[in-house]
Every structure is written in structure tokens, then in C-alpha cells.
Amino acid sequence: MTRISPIELAVMAVRRAIAEGATEAEAFVTHTRGYTVSMLAGRVNNVEYSDDIGVGVRAAVGRRLGFAYATGAGAEAAAEAARAAVKLARASVEDPYWSGLPEPSPSYPLVESIYEAGLARAGPETLLREARRLLSHIEGYRDEGVVLSRAGISVAAVERAVANSNGVYQVDSGTYASVLVSTSIVRGGLSTPAVFVYDSSRVAIPSVEAVADRAVELSRLTLRKAEQPEPGKYTVVYAPSAFAELLEETVLFSLRGDIEARGRSFFAGRLGEKVLDERITIIDDGALKGGDASWRFDGEGVASQRTVLVDHGTLRGFIYDTYWGRRRGVESTGNATRSGYASRPSVGFTNVIVEPGDASYEELLEGRVIVVYQVQGAHTASPETGEYSVLANPAVLYENGEPRGWLPGIVVGGNMYRDLEAGVEAVGKIVEKPYPGIQVPWVRLSGVTVAPKG
Amino acid sequence: MEDARSVLEYAVAYASSKGVRLAEFRLEKRRLTRIELLDGSMATSTSIDYGVAVRVYANGSFGFAYTTRLSKEKVIEAFEKALSMARGSSAGLPEPLLLDPAEGSYVHPVKLSVEDVPVEQKVSDIVGFDKLLSKSPAVKSRTVVYTDIVEEKLYASTEERFLGERRELAYLYASLYGAEEGVRGSAHIVLGTTSGYNIWGKYDPEKEAERLLTRLSNQLRSATPRAGVYPVVLGPEALGVFVHEAFGHLAEADLVAAGSVLRGKRGEKVASELVTIVDDPFIDDGFGTYRFDDEGVKAAKAVIVEKGVHRQVMNDRLHAAMFGDEPTGNARAQSFRYPPLVRMRNTYMEPGDASFEEMLEGIRFGYYIVSTGGGQTNIDGSFQVGVEEAYEIVDGELARPVRNLAIAGNTLETLLNIDMVGRDFQLHYGRCGKGQLVYVSDGGPHVRVRRMTVGGRA
Numbered sequence: 287m288t289r290i291s292p293i294e295l296a297v298m299a300v301r302r303a304i305a306e307g308a309t310e311a312e313a314f315v316t317h318t319r320g321y322t323v324s325m326l327a328g329r330v331n332n333v334e335y336s337d338d339i340g341v342g343v344r345a346a347v348g349r350r351l352g353f354a355y356a357t358g359a360g361a362e363a364a365a366e367a368a369r370a371a372v373k374l375a376r377a378s379v380e381d382p383y384w385s386g387l388p389e390p391s392p393s394y395p396l397v398e399s400i401y402e403a404g405l406a407r408a409g410p411e412t413l414l415r416e417a418r419r420l421l422s423h424i425e426g427y428r429d430e431g432v433v434l435s436r437a438g439i440s441v442a443a444v445e446r447a448v449a450n451s452n453g454v455y456q457v458d459s460g461t462y463a464s465v466l467v468s469t470s471i472v473r474g475g476l477s478t479p480a481v482f483v484y485d486s487s488r489v490a491i492p493s494v495e496a497v498a499d500r501a502v503e504l505s506r507l508t509l510r511k512a513e514q515p516e517p518g519k520y521t522v523v524y525a526p527s528a529f530a531e532l533l534e535e536t537v538l539f540s541l542r543g544d545i546e547a548r549g550r551s552f553f554a555g556r557l558g559e560k561v562l563d564e565r566i567t568i569i570d571d572g573a574l575k576g577g578d579a580s581w582r583f584d585g586e587g588v589a590s591q592r593t594v595l596v597d598h599g600t601l602r603g604f605i606y607d608t609y610w611g612r613r614r615g616v617e618s619t620g621n622a623t624r625s626g627y628a629s630r631p632s633v634g635f636t637n638v639i640v641e642p643g644d645a646s647y648e649e650l651l652e653g654r655v656i657v658v659y660q661v662q663g664a665h666t667a668s669p670e671t672g673e674y675s676v677l678a679n680p681a682v683l684y685e686n687g688e689p690r691g692w693l694p695g696i697v698v699g700g701n702m703y704r705d706l707e708a709g710v711e712a713v714g715k716i717v718e719k720p721y722p723g724i725q726v727p728w729v730r731l732s733g734v735t736v737a738p739k740g
Numbered sequence: 360m361e362d363a364r365s366v367l368e369y370a371v372a373y374a375s376s377k378g379v380r381l382a383e384f385r386l387e388k389r390r391l392t393r394i395e396l397l398d399g400s401m402a403t404s405t406s407i408d409y410g411v412a413v414r415v416y417a418n419g420s421f422g423f424a425y426t427t428r429l430s431k432e433k434v435i436e437a438f439e440k441a442l443s444m445a446r447g448s449s450a451g452l453p454e455p456l457l458l459d460p461a462e463g464s465y466v467h468p469v470k471l472s473v474e475d476v477p478v479e480q481k482v483s484d485i486v487g488f489d490k491l492l493s494k495s496p497a498v499k500s501r502t503v504v505y506t507d508i509v510e511e512k513l514y515a516s517t518e519e520r521f522l523g524e525r526r527e528l529a530y531l532y533a534s535l536y537g538a539e540e541g542v543r544g545s546a547h548i549v550l551g552t553t554s555g556y557n558i559w560g561k562y563d564p565e566k567e568a569e570r571l572l573t574r575l576s577n578q579l580r581s582a583t584p585r586a587g588v589y590p591v592v593l594g595p596e597a598l599g600v601f602v603h604e605a606f607g608h609l610a611e612a613d614l615v616a617a618g619s620v621l622r623g624k625r626g627e628k629v630a631s632e633l634v635t636i637v638d639d640p641f642i643d644d645g646f647g648t649y650r651f652d653d654e655g656v657k658a659a660k661a662v663i664v665e666k667g668v669h670r671q672v673m674n675d676r677l678h679a680a681m682f683g684d685e686p687t688g689n690a691r692a693q694s695f696r697y698p699p700l701v702r703m704r705n706t707y708m709e710p711g712d713a714s715f716e717e718m719l720e721g722i723r724f725g726y727y728i729v730s731t732g733g734g735q736t737n738i739d740g741s742f743q744v745g746v747e748e749a750y751e752i753v754d755g756e757l758a759r760p761v762r763n764l765a766i767a768g769n770t771l772e773t774l775l776n777i778d779m780v781g782r783d784f785q786l787h788y789g790r791c792g793k794g795q796l797v798y799v800s801d802g803g804p805h806v807r808v809r810r811m812t813v814g815g816r817a
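Top line first, the protein sequences correspond to chains A and B.
Residue numbers 287 to 740, in the working numbering, belong to the letters of the first sequence in order.
Residue numbers 360 to 817, in the working numbering, belong to the letters of the second sequence in order.
Misleading hints may appear alongside valid ones.
DSS-like mimics (lysine-lysine), calculated; alpha carbons at most 27 Å apart, straight line [claimed, not checked]:
no., chain 1, residue 1, chain 2, residue 2
1, A, Lys-560, A, Lys-715
2, A, Lys-739, A, Lys-511
3, A, Lys-373, B, Lys-624
4, B, Lys-566, B, Lys-499
5, B, Lys-793, B, Lys-660
6, B, Lys-666, A, Lys-511
7, A, Lys-373, B, Lys-490
8, B, Lys-660, B, Lys-624
9, B, Lys-566, A, Lys-739
10, B, Lys-388, B, Lys-494
11, B, Lys-388, A, Lys-373
12, B, Lys-660, B, Lys-628
13, B, Lys-494, B, Lys-561
14, B, Lys-793, B, Lys-657
15, B, Lys-666, B, Lys-628
16, B, Lys-490, B, Lys-561
17, A, Lys-511, B, Lys-657
18, A, Lys-739, A, Lys-519
19, A, Lys-739, B, Lys-666
20, B, Lys-490, B, Lys-388
21, A, Lys-715, A, Lys-519
22, B, Lys-666, B, Lys-624
23, A, Lys-575, A, Lys-739
24, A, Lys-739, B, Lys-624
25, B, Lys-793, A, Lys-719
26, B, Lys-388, B, Lys-657
27, B, Lys-561, B, Lys-660
28, B, Lys-657, B, Lys-470
29, A, Lys-560, B, Lys-499
30, A, Lys-575, A, Lys-519
Keep in mind the hints are simulated off the structure, nothing from the lab.
Start from the sequences, fold in the hints, and give me the full structure.
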């Protein structure tokens, strides 16, 4: 059987949808092939292979819209998705704001370092070799009681294709590798909290030893407890993982164009105003060299681009897809994201970069501060108001740069909008990527509410 | 799925001829309809997700592969792939529990199948509900999402187990954002049923709209909580989230093996003697109700805590064998794209005999927590649950609503601090993420906790 290529499949689906009566149609095809090795409780517990191809079709009948997808790589999948999308559009109600699918972009960036042939060819043997190296590396910390709670190593190769009835016709290929390690230390029947450390790359498998070492280092900070603080306001330093999570639930939510258009953004109507501390600059860059979420085009075939959202504290823009951009009378910023053929495009970030500040570690940790490495429950922050109250786990008390002990069970709270506007004491000059698609510095904030463990 | 059955029989015969200890094939078909209304603008989607998962246990290891192409050749190809990966990994895992041959098929009954209701009807019902929400001037933005899923599964293994199951899930999520006199807030509700297109038979749209609007208006008129340690009364919805997030995950066998605080605590007192917590696959109209799990194991009730004593953990075949436990049938996968993990089903605390009024009595200052925005736990037993609807308790009476605060603490200490368990009971619906999303239910009665960390935000 000759293989139908992803772009051929997309074109077939678009034609079929038009033939079924759609006035406009778009098809998005992804083909993902890859391997994952998972480890649990210190051993390999699963090796997975995935080979996933399918087609997602958006069809409009006038101003009525339908989306459907089907799995598989054959003409029947394309026809089935197209038929279902058109049928659904007919059953839907009119969207008065619908103003059509995008036109082809004038040019598309050539995104560097997002595909590596060697990585695309990596098989289970390669991953298992890395897994064994990781397990034996952790074994080296056995005397300290370090246990590998869980870990995963993945590689994948992805082809993306999009076509629409306005002439969009685009293909891209990428590769991706990631390593996730979670450790804790068990001594005398007591366990330290599980910490998670992650790294990824588009061109090579990240060093498993380096990821493991970072996890162990973090676990060690929770071996000795410090005295619980009195309830009150403290200066808190958020490490990149904690900062990124809280930022994502609040500030980034409000920088979405759909949220702004719906009147829910905290920054609505404040373009050109100073909304955050002047040391904070936030950029979305879908064409970032080697970025986790970098592609030549977004989920509806619009060219990827770099968009400055907050420039030294001043609000410069929001991210948009075609639909919400048109609703607001602006161009799409290439931020129609989708996780694969099975999802409709929606406004989302690609690679988020919060630019570094100028503070060294010594400056960040000056005096008496609570350093929050990871938080639990960031998703319960209120995106509309910026208020949050999360478990800091682990959090460590520092005095003049020296760790004085773990503060188990403390809850930190505040308001991200207010604190990032008026409470920033320092922004670190080192930027880290705590999880896929976001790079942030360390940040030191004053006036954070701390509640001790009950 | 007649042809499907013959594909699986062929695959099982082929796998048996290769002499593997255990090969499992899961053929799954999911039809999904989703209607989303954002401030009245509609987006609809449907899909048919169809594929076969193959898992092989060989050489002390599991190999997993799947295909979305349903021919004998493709399934055998996936099997060969899974077999070679298992053979290549020599992970040293113990042999998973092996079972006897079995044959069965079960269709969960529905009042009216979601497949027999035209999309136009579902659209018009959602539009009607959305209208009810748009009435209040304080509401600035609305999101209503209706989803229904028809799940058909066929499980086959080299043990000669052939098991079929069909169920329907309907799920409604509605959230509001509002602003009034410069105060902003949001609130949400989730409704669910497994009885077909019965969401508006089970729930009264007017009452649910009212409940959501009240939740929002409380947010807009509420006081800021004080950070500190206070007595807390948890309502059934909040307790359900606590029982699931803060406690349930710690009792999943894979996390117990990975060092959760429940490790080694079997037979020990981990909660007040008023507390019994179960994970129950039989409860009527639960999102986690099924006959066989995704390893073809017959579902059994897991009594995690009985009168304060830790009895059972929820397991899959591997961990049942590892710990020498009876299988509970808690292995679930999001779809054929994933190998099953130990997951919860319907997790709840059993009711006691206290009344709500009795719980409030004697509290000079505390909080009553009704609903949450979810939570998160760590295997060390620490948890955080973000609160959406809550009230102050002052001198034994409910007082002002408070803005979204959070509760946190150590799960086992919290369970030991429960001093009253109510005689009421409610079940709630949701999805749980553990790398994969599965549909679950949780709930229980009202309970009172003597002391709990309450985090303020401002």
C-alpha cells in the first residue's frame, strides 16, 4: 500500500468537505511516532511505542462551524472527518463573529534546530540505554537514601500538515526528546517530598545524569527542617518552576487575546500602560530556535512569529489566532495552538520567554528569605484577580545565602498582578526552563503572605 | 464489533503461539460530541476515536504499542513491536497476576442513548441553559461546555479472556466570570451522568443556573480570609476533592510502591475512627462505574480506610502480585493510546451520624468550605486544595462568604483531626489527570476537621 502523505491527506479532506457543502474548510494532519520508557520505584516499568496519525477538519457552512476528526491515514479517515464536520456545522447555530479561515501568510520563517534525523531514528534500544544509565546513576546515591520515585525518557518525530480552502498549504517536520526525573530521600521511614526536574531538546536526548543531579540536589534541601514561621508577610524567592506555574495561571492568562476580547483579562484596555515592574519583559516566540513549541506555522497555517507582550513592564500586546484577532480587528500573531489532529485550534502560547534581570544568586538570597522551589495547586489561582494561595513544597529558609532548613507544609499566598507590579525586589539573571515551552528567571517578591503548617 | 472480535481472536492465537506469558489487546471505540458556548458563540465537534492497544509481558518487562489501523496485519505488527521492546528491556518486574479464562459482555443501561438524540436537540438545550446564565448583570463572561462520550471496549488476552463493555458518559461544565463595583471573581459547576442523554432529566437547569449564579455573586461580595489555623467544616463536594486528591492518590498501589506515606501502614490507624473511605466501582451513576478494568480484571470495591484503619490499596495486576493482594481492578487507561495505570473510580467517604448544625456548634471562628477549584498532592502526604465557595463560621453560625482561599496540610494528620462525620451524602463528577485523563466521581458527607491550615491570598 502506498502511503498517503500528511499533506495529501489534508488536501483530500478539504476537497471532500467542500464537496459535502462546506463554504470553507481546513484540515490539520499530524503523524507522531515515538518511544517512551517509564520508570517507577527505581525500575523500568514500561516501554511504549506510538504511531499516531489522523486528520482534524474544521468546516464552515456560512457562519456555522463544525469540527471533527478521525484516526488513521487513509482516504476513508479524511472523508469521514470531512463529512462529520460539515454535518455538525449544519446542526450548529450561527456565530455572528465568524469571518473566515486565514489566508496564506506572506512568508514563513525557517525555524532552526527543531529537527534532527538521528533523533527521529532513535529506537527503544537507545532509550533503554539512557534509562539504565539513569538508574545506575541514582544507584550511586543509595547511601543517602535517594529513591527514584518516577522517571520518563521520550523521543518523538512529528510531521504536521495543514491545508485550507483559501490556499494555505504547509508542511513541517520536527523531533523532540525529554527527560523527567522525580526523586525523594527516604530515611528512617520518613520520606522527603517528591521533587520533579525536567529537561528537553529538539535535537538530542538531554543528559539524564544532569537532570538526576538537579533532582537530588533539590531533595537534599528537604532533609533538615527549620522552625515553622509565624503567620505573616515575608520576602519570598520563587524558583523558575514555582514562578512559571503561577505566572501561567494569572499573567499569561490575561495576555491571551481571546480572554481580553471576552473582557476577562486583568490587562483589558491597558495597552501601552505600565502593568508590571519595569524589570519584567514577556515574549511569545513560536519561531524560537530549538524551542519546545517551535514550528514554521501554527495550528491553522499562519506563520510563527515573535511577539513582545510586556516590554519592561509596559503592556505591548496580546496573542491571537485568526478568529479572535479578527474579532478585535488585529492580525493573528500565529498563536492558534493545537495538541494534534484531535483538537480544534485555540489561542495558546508557544514558547514563553520571561527575560532575565540583573540579580545574582547572592542578591536574590540576601538577608532572610523563604525560597519556594515548587508549588502544589497553582491551577487553583484566580486568573481574573491574580489571587493565589498554594502549598510551597519544597520551601527552604535561607539566611544570607545559606539554607537553614525545609519549611514543610507552608502555604504562600498573594496577588500575582499586584506583586509583580509593586512587590518585585529582584529578578535573577539566570533563566531556566522548568517545564516545556517556558523560560523564566528567579524572582524575589516582598509582602507574600505565609501561613504555617496547621 | 463482530469483525473486531475476529481480529482480536486472531491476535490472541498468534500471541499464544509465540509463547508469551501475557499479551493483552484492547480494542476501543469512542464517539464524542462536544458543544462549547463561549459567551453565546458556538463551536461544536465530534470524533470517532478507534484503535487497538497491545501490551505484552515478557522477560520481566512490559512492552506497549498501539495502532489506529484495524487490520490483522497492523495489530500483529504492534504486537511484535511490543514483544521486542519487552524482550529488550529486562526490567526485572515480577510477573503480573494471571487470571482464568473468562467471557462476557456488558452494556450499561441508559434511559435514552446520547446517540439517539440529534445534535440540534443538544444544541438547543445548551443554548437554553446558557440563556439562564446570561440574566444576571454581574455576569461578564460565560463558558458552557457539554460533552458526551460513548465508550465501547473489547478486551482480549492470551489467558482466553474476552470481555466487552459499553457505557455512556455525559458531562457539563459551566463557568462564569463576573465583576461588580471593581470586584472580580469566577465560579463553576460540573454536572454528570452515565444514564445517557439525561443530564436535563437528572438536573433542573433553572436550579443549577441559580446555584452557579449564587456561587458567583458570593465571590463578588465576599470577605478576604485570614491566613492561619482554624476549624473547618467541609461540604460533600469539597470533601470529595479532598478524599480523591489529598488521600486517594496516596493509596494507588504504584504510588505506594514509589514511597507514598501510606507505604507500610497497612493495618495501622491513619484516620479518626469515624472515617471509612472506599473506592467503589459499583455505585449507581458514577463516572468510575464499570465491570472490568483495562487489564480485564473484574472490578472489586477497595476499602482503603475502615473505621480509621488502613486496609487496602487500589491496584493493577502488577502491584496485586507485588504486594500479594487481591486484585481490585483499578487499572484504567485514557484510551488505546495509553497503557493502563492504577487510577481511582468512585472514591468517597462513607456517611456517619452527625447533623450539619451539630458540626457548626462550638466553632467560635472557622470556615465552611463548599466547593473547590481542585487540588494537588505530593507522595509525602502534603496537599493543597483551592477553594471557590466558602463561608465564615462565627459563634456556631454561618456568616459572610469568603473569597477563594485554600486549605492545605498533611493528609493523614487531617484525617486524624476529623471529629464529626455527617449523615448526608453526595456524589460529584470530574476528570482526574495523572499523565492521562480519566473520568471519576468522588464525594461523601459533611465532615468537621478540628484544625486545618487556611491560606489567605491578600
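Results for each hint:
no.: 1; hint: A:Lys-560 - A:Lys-715; verdict: 22 Å, holds
no.: 2; hint: A:Lys-739 - A:Lys-511; verdict: 12 Å, holds
no.: 3; hint: A:Lys-373 - B:Lys-624; verdict: 56 Å, violated
no.: 4; hint: B:Lys-566 - B:Lys-499; verdict: 20 Å, holds
no.: 5; hint: B:Lys-793 - B:Lys-660; verdict: 21 Å, holds
no.: 6; hint: B:Lys-666 - A:Lys-511; verdict: 32 Å, violated
no.: 7; hint: A:Lys-373 - B:Lys-490; verdict: 25 Å, holds
no.: 8; hint: B:Lys-660 - B:Lys-624; verdict: 19 Å, holds
no.: 9; hint: B:Lys-566 - A:Lys-739; verdict: 38 Å, violated
no.: 10; hint: B:Lys-388 - B:Lys-494; verdict: 40 Å, violated
no.: 11; hint: B:Lys-388 - A:Lys-373; verdict: 20 Å, holds
no.: 12; hint: B:Lys-660 - B:Lys-628; verdict: 20 Å, holds
no.: 13; hint: B:Lys-494 - B:Lys-561; verdict: 23 Å, holds
no.: 14; hint: B:Lys-793 - B:Lys-657; verdict: 22 Å, holds
no.: 15; hint: B:Lys-666 - B:Lys-628; verdict: 9 Å, holds
no.: 16; hint: B:Lys-490 - B:Lys-561; verdict: 19 Å, holds
no.: 17; hint: A:Lys-511 - B:Lys-657; verdict: 45 Å, violated
no.: 18; hint: A:Lys-739 - A:Lys-519; verdict: 15 Å, holds
no.: 19; hint: A:Lys-739 - B:Lys-666; verdict: 26 Å, holds
no.: 20; hint: B:Lys-490 - B:Lys-388; verdict: 34 Å, violated
no.: 21; hint: A:Lys-715 - A:Lys-519; verdict: 25 Å, holds
no.: 22; hint: B:Lys-666 - B:Lys-624; verdict: 15 Å, holds
no.: 23; hint: A:Lys-575 - A:Lys-739; verdict: 44 Å, violated
no.: 24; hint: A:Lys-739 - B:Lys-624; verdict: 23 Å, holds
no.: 25; hint: B:Lys-793 - A:Lys-719; verdict: 22 Å, holds
no.: 26; hint: B:Lys-388 - B:Lys-657; verdict: 21 Å, holds
no.: 27; hint: B:Lys-561 - B:Lys-660; verdict: 26 Å, holds
no.: 28; hint: B:Lys-657 - B:Lys-470; verdict: 25 Å, holds
no.: 29; hint: A:Lys-560 - B:Lys-499; verdict: 25 Å, holds
no.: 30; hint: A:Lys-575 - A:Lys-519; verdict: 41 Å, violated
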